[in-house]
Amino acid sequence: MLNKDFLRKKYLNSRKKLTKKFVQEKSSKIIQKLLSLDQLREARVIAAYLPINNEVGTKAIINRLSSRKIKILLPCYLKDQHRYVFGEFLGWQDLEEGPYGILQPSPPVRLRSPKDDEGSVIDSSKVEVAIIPGVAFDRRGVRLGYGKGVYDRLLSKSNALKIGLSYDFQVLEKLPKEKHDLEIDILVTEARILRSTKTS
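With positions in the sequence shown counted from 1, the corresponding number in my numbering is that position plus 1369.
Because the hints were derived from the structure by calculation, they are not lab data. Each hint can be trusted.
In silico DSS-like pairs for lysine-lysine, Cα to Cα no more than 30 Å straight-line:
1. LYS1385 <-> LYS1543
2. LYS1526 <-> LYS1440
3. LYS1440 <-> LYS1428
Model the full assembly from the supplied sequences, consistent with the hints where possible.
Next up, the structure:
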């Protein structure tokens, strides 16, 4: 089996070469399939991401979910604590550039309290559905990320339904897996919806 570093480089290079038209057209199809999932319609707290480097676009789904008064969370890096948390999305005007050029909720991101319900850090246990990017996925639900462990740590204690978004060319038969690697429950591409068979 090929190692993670080789696969990561290969699929990042392939994605880097995608045209703007390809990304827009495939992302639109992926989001339509995502919206068809009953689990997404029933959730009230959903973690999402903002794309970089030709990842599947998520602006349309964030706008759609926000219009339904669903709480949207995004990964947010806290410099003073050197860690990622989920911060609440309060609007496009509230975002600023974080690490790796990824937009995130603007500081100060405050700890949740009964009297302070907006702009807060949200405990990952509150997340019902997590929409997750990746470099590659396999049919079992194994995800190949960027090698930083951001989502592995963010969702390590979460029981959220984990939904991966990718282009169909990013789906492999089998990826190498380590014990700490995040696994997804559902994978949505422009061509299909795959429900994972969890690995041990």
